[in-house]
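Chains as they are written, first to last, in numbering that gives the first Met the number 0: chain A, 0 to 461; chain B, 0 to 561.
If you're looking for bench data, these hints aren't it; they were derived computationally from the structure.
Check before you lean on any hint, since a few could be wrong.
With a straight-line Cα cutoff of 25 Å, these simulated DSS-like cross-link-like pairs (lysine-lysine) come out [said to hold, decoys possible]:
| no. | chain 1 | residue 1 | chain 2 | residue 2 |
| --- | --- | --- | --- | --- |
| 1 | B | K394 | A | K138 |
| 2 | B | K118 | A | K7 |
| 3 | B | K106 | A | K7 |
| 4 | B | K211 | B | K311 |
| 5 | B | K441 | A | K56 |
| 6 | A | K313 | A | K255 |
| 7 | B | K118 | A | K391 |
| 8 | B | K113 | A | K7 |
| 9 | A | K56 | A | K91 |
| 10 | A | K8 | B | K494 |
| 11 | A | K8 | B | K110 |
| 12 | A | K161 | A | K255 |
| 13 | B | K149 | A | K7 |
| 14 | B | K311 | B | K434 |
| 15 | B | K110 | A | K7 |
| 16 | B | K441 | B | K311 |
| 17 | B | K230 | B | K257 |
| 18 | A | K336 | A | K313 |
| 19 | A | K56 | B | K434 |
| 20 | B | K106 | A | K8 |
| 21 | B | K494 | A | K88 |
| 22 | B | K110 | A | K138 |
| 23 | A | K8 | B | K149 |
| 24 | B | K106 | A | K106 |
| 25 | B | K110 | B | K149 |
| 26 | B | K462 | A | K91 |
| 27 | A | K91 | B | K494 |
| 28 | A | K8 | B | K144 |
| 29 | A | K8 | B | K441 |
| 30 | B | K113 | B | K230 |
| 31 | A | K120 | A | K106 |
| 32 | A | K391 | A | K336 |
| 33 | B | K327 | B | K394 |
| 34 | B | K152 | B | K211 |
| 35 | B | K441 | B | K326 |
| 36 | B | K113 | A | K8 |
| 37 | B | K144 | B | K230 |
| 38 | B | K230 | B | K211 |
Since this is a predicted model, take the numbers as computed values, not measurements.
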Amino acid sequence: MARVTVGKKACAVNPLKMSQPIGGAFAFMGLRGSMPLLHGSQGCTSFGLTLFVRHFKEAVPLQTTAMSEVATVLGGYENVEQAILNIHKRTKPEIIGICSTGVTETKGDDVEGFLRLIREKHPDLANFPMVYVSTPDFKDAFQDGWEKTVARMVEVLVETPKNAARRDPRRVNVLPGCHLTPGDLDELRTIIEDFGLEPSFLPDLAGSLDGHIPEEFVPTTIGGIGVDEIATMGQAAWTIAIGAQMRRAAEAMEAKTGVPFRLFERLCGLIPNDEFLVFLSEISGRPVPLKYRRQRGQLADAMLDAHFHLGGRKLAIGAEPDLLFDLSSMLHEMGAKVTVAVTTTQSPVLERIRAEEVLIGDLEDLENLASDSGCNLLITHSHGRQAAERLKIPFHRAGFPMFDRLGAGHQLSVGYRGTRDLIFDIANLIIADHEDNHQATPDTWRTGEGPAAGVVDAATMH
Amino acid sequence: MSSLSAKIQDVFNEPGCGKNANKSEAERKKGCTKQLQPGGAAGGCAFDGAKIALQPLTDVAHLVHGPIACEGNSWDNRGARSSGSNIWRTGFTTDINETDIVFGGEKRLYKAIKEIIEKYDPPAVFVYQTCVPAMIGDDINAVCKAASQKFGKPVIPVNSPGFVGPKNLGNKLAGEALLDHVIGTEEPDYTTPYDLNIIGEYNLSGELWQVKPLLDELGIRIFSCISGDGKYREVAYSHRAKAAMMVCSKAMINVARKMEERYGIPFFEGSFYGIQDSSDSLREIARLLIERGAPDELMARTEAVIVREEAKAWAAIEPYKPRFAGKKVLLITGGVKSWSVVAALQEAGLELVGTSVKKSTKEDKERIKELMGQDAHMIDDMTPREMYKMLKDAKADIMLSGGKSQFVALKAAMPWLDINQERSHAYMGYVGMAKLMEEIDKALFNPVWEQLRQPAPWDDAAKNWQATAMAQMDAEAAQLAADPQAAEAARRARKVCNCKTVDLGTIEDAIRTNALTTVEQVRQHTEASGGCGFCAVRLEDILAALPAVAGSSPAPLLEAAE
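Chain A on its own, in the form it takes in the complex (with noise of 0.2 Å):
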């Protein structure tokens, strides 16, 4: 059981946080035709622009109420009716998804009472789709932009079956939390088609930020759920939420369509992958093919071959809640020792981990936790670089963002394949390091008593 903190500084050093819009608006970049929309000021839209380009290398849509110091005293109305119609018109989305922000909220926008006005006022308008979620910057974290963001998106675009007895036993919604990437949703596709089953992802990122290359260049995301799937996504048989920060969407999608859920907390590692396919063999009456029984078994010889190097490390690991429940578990598994956990918001997860403390803090926190309990490894994303340059310690990126490194869509750590694959990477820059700075050298077993090194090498050389 962990102790969860609530850092006590006045100044953020390092921030590990990102802000809840760009939470919000990156679920809506996992609908096809959609376009996110941040109200706010034309900051808050291109800095989370940025991010996300320079994480994904590739072209990503989100657009700006462009709130001036005026229109935000004065309201937003305009502001918001005006994106809309020129989104609407000019880029043609299927969907705009609608985050607000921190100025906005501070003047209290009635964003909802907007959408009925400007649906009244413009007909083509009056069904369209449309969500809206209030995402404060000043309130929560990345992580919880997602997870208030689709559970609307369940709320709002999923439809109440009309007879709940005719549900199809082969499909499946699946909602993956933020944490997953383009290739862990791909990787959960292919195990779960393998049992027959047909899934709907919500939010499905890798149909639109994998990186494909569209059939037509359009300024919405060229990819990802449609919207007439989503509302279908009553008919499915069971949701299966990863993280626990998708309970929120499966109890909304379960009190909307009487869809029952099952949560896998974590999708890395060897029992929780053993759980999951239990699960998917069960649904499906069909038995774990072939193919993951050897998964399994290349995944078990990996944690063989990899615990000599992860037993006994300490971890100094800084990530969102679910991120960090799913890694540190794995490699407390493995024989390391999470010495330092630091994540950005509340969570139930968090008292769960394998830690003495869970410090909700930023990366100054990390680096110097890590450097007073002698931390041998580090994980968190990008910006964590600068940390590890200073503590000289092997440095795993995970999480997003991960801007200095290529391939952060396809980063996998679900499955048994991910998980053996993960484990590599790690022992693999355990063993760089020791290889790099940790040789043995005639020196480093001298405990200091006896005759000064000096005169030992000299008397040997002779």
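Fit chain B to the supplied structure of chain A, relying on the hints for placement.
Positioned in the frame of chain A, the structure of chain B alone reads:
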């Protein structure tokens, strides 16, 4: 906020700004407070601009007072380089929460400044105001003043909350903060007749160091660089420099001009992009320094260095010339780099097929025209599809642009090179030119293009996305060609003024009906150019071309693409 709005007015009245000079008195007052188009805007806010301009000051703690978005989403994302301290890359923010919004964030800000000084002890703390604390009325000037007195250290308020305007305004407000609180507050240990300020240079990718060796060789001291690889104290005593060079177009013209006004430091606007520009700038530096008392022999030594470096640079470029012969470049960039890079590329024998003048001022545009001759195609706002068509029509072999537009080129399997601030290579000075050519060469002749242009064996090449996009555009063009009425409608529907959404037809009609002859008149009748003022140049072109409009043939393809 009243002092801030007065400051913004002051910045808008900048006489050194060419864009500003194009505006009427009333519009100048409105300045950049013009409404950006909701749902169609891009680019950073005033806070972003202020941070960009000041963050390269390396030994200063940059503290952002606001919710997590402003710093948490953006810190350590700039490619500037430091030769010393790295504290500028540390992200400091008050990360204000709901309680702060209700009770005010001033106490938290004060405590944050205290924590930074206790833990990091920088020579100064810069405090950036953002939208939310500005709305709730946090007085950062007062907090900075109190903290400065209490801790005996400069604490500089940078009053540039995002919602007051675009990035460009933020650049200037940052300059004002330096003028008000930093410049002239300290004295140098010694001065020499060779002391030069460089203003508006951010040392991205360490590019300043491509030029510094030459200045060192000439004995010219970079007295203070605002702000690339800058140090607080150097800026504080920069008022003792003999001369200044203003590098980044208009971003910090207020600093250069006011330092001339207040401290008599003459400045010139120059660039180190390209061989000719580098030589011109070196000459101008020497001239100004000599004017201010440096010995005349500096010019002879400067000329000698120029001759030597030009020869070396040409020799380095020579091998590329045959390889680049007939190669065409599509240049999409904003502001000053448009013309300075154009010159650089032409020096290597590359042909330019278009350049964007989105952020360029009238002077910039004139310079591009001058450099590229009468055939210059000014492409203001191409859509991705049009960009692709342009590349595909083999009008371009490579695209040079900023980071965000790269994906169109890359997905079209066309070579692309980053020349904006996120770039990882430095292209300044004589050595930078050779580096640029090397990078263009690597991009142009990489074997990946050949493979990537091959369709998948199972794909019908006639039906892939490229062919589809082309077919669509060709069909649209054919349709227009077959239907002169539609073509005319399309031509007239072309938007000239983005801010006020005024199309070409409206403007032409207004000109004809009212016999208008000046941009000012057009503005009065149609509101065109009444926003940011960028399109005033386009209006001039329309005014000049109008007598011919009635009987003219359809506009050339490229113009239609605009």
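Hints, one by one, checked against the model:
no. : hint               : in the structure
1   : K394(B) to K138(A) : violated, 50 Å
2   : K118(B) to K7(A)   : holds, 15 Å
3   : K106(B) to K7(A)   : holds, 14 Å
4   : K211(B) to K311(B) : holds, 17 Å
5   : K441(B) to K56(A)  : holds, 20 Å
6   : K313(A) to K255(A) : violated, 45 Å
7   : K118(B) to K391(A) : holds, 21 Å
8   : K113(B) to K7(A)   : holds, 14 Å
9   : K56(A) to K91(A)   : holds, 24 Å
10  : K8(A) to K494(B)   : violated, 51 Å
11  : K8(A) to K110(B)   : holds, 9 Å
12  : K161(A) to K255(A) : holds, 11 Å
13  : K149(B) to K7(A)   : holds, 22 Å
14  : K311(B) to K434(B) : holds, 13 Å
15  : K110(B) to K7(A)   : holds, 11 Å
16  : K441(B) to K311(B) : holds, 21 Å
17  : K230(B) to K257(B) : holds, 20 Å
18  : K336(A) to K313(A) : holds, 5 Å
19  : K56(A) to K434(B)  : holds, 24 Å
20  : K106(B) to K8(A)   : holds, 12 Å
21  : K494(B) to K88(A)  : holds, 15 Å
22  : K110(B) to K138(A) : holds, 20 Å
23  : K8(A) to K149(B)   : holds, 20 Å
24  : K106(B) to K106(A) : holds, 22 Å
25  : K110(B) to K149(B) : holds, 12 Å
26  : K462(B) to K91(A)  : holds, 23 Å
27  : K91(A) to K494(B)  : holds, 19 Å
28  : K8(A) to K144(B)   : holds, 22 Å
29  : K8(A) to K441(B)   : violated, 49 Å
30  : K113(B) to K230(B) : holds, 21 Å
31  : K120(A) to K106(A) : holds, 24 Å
32  : K391(A) to K336(A) : holds, 18 Å
33  : K327(B) to K394(B) : holds, 7 Å
34  : K152(B) to K211(B) : violated, 31 Å
35  : K441(B) to K326(B) : holds, 14 Å
36  : K113(B) to K8(A)   : holds, 11 Å
37  : K144(B) to K230(B) : holds, 21 Å
38  : K230(B) to K211(B) : holds, 16 Å
In this structure, the earlier hints numbered 1, 6, 10, 29 and 34 are contradicted, and the remaining ones agree with it.
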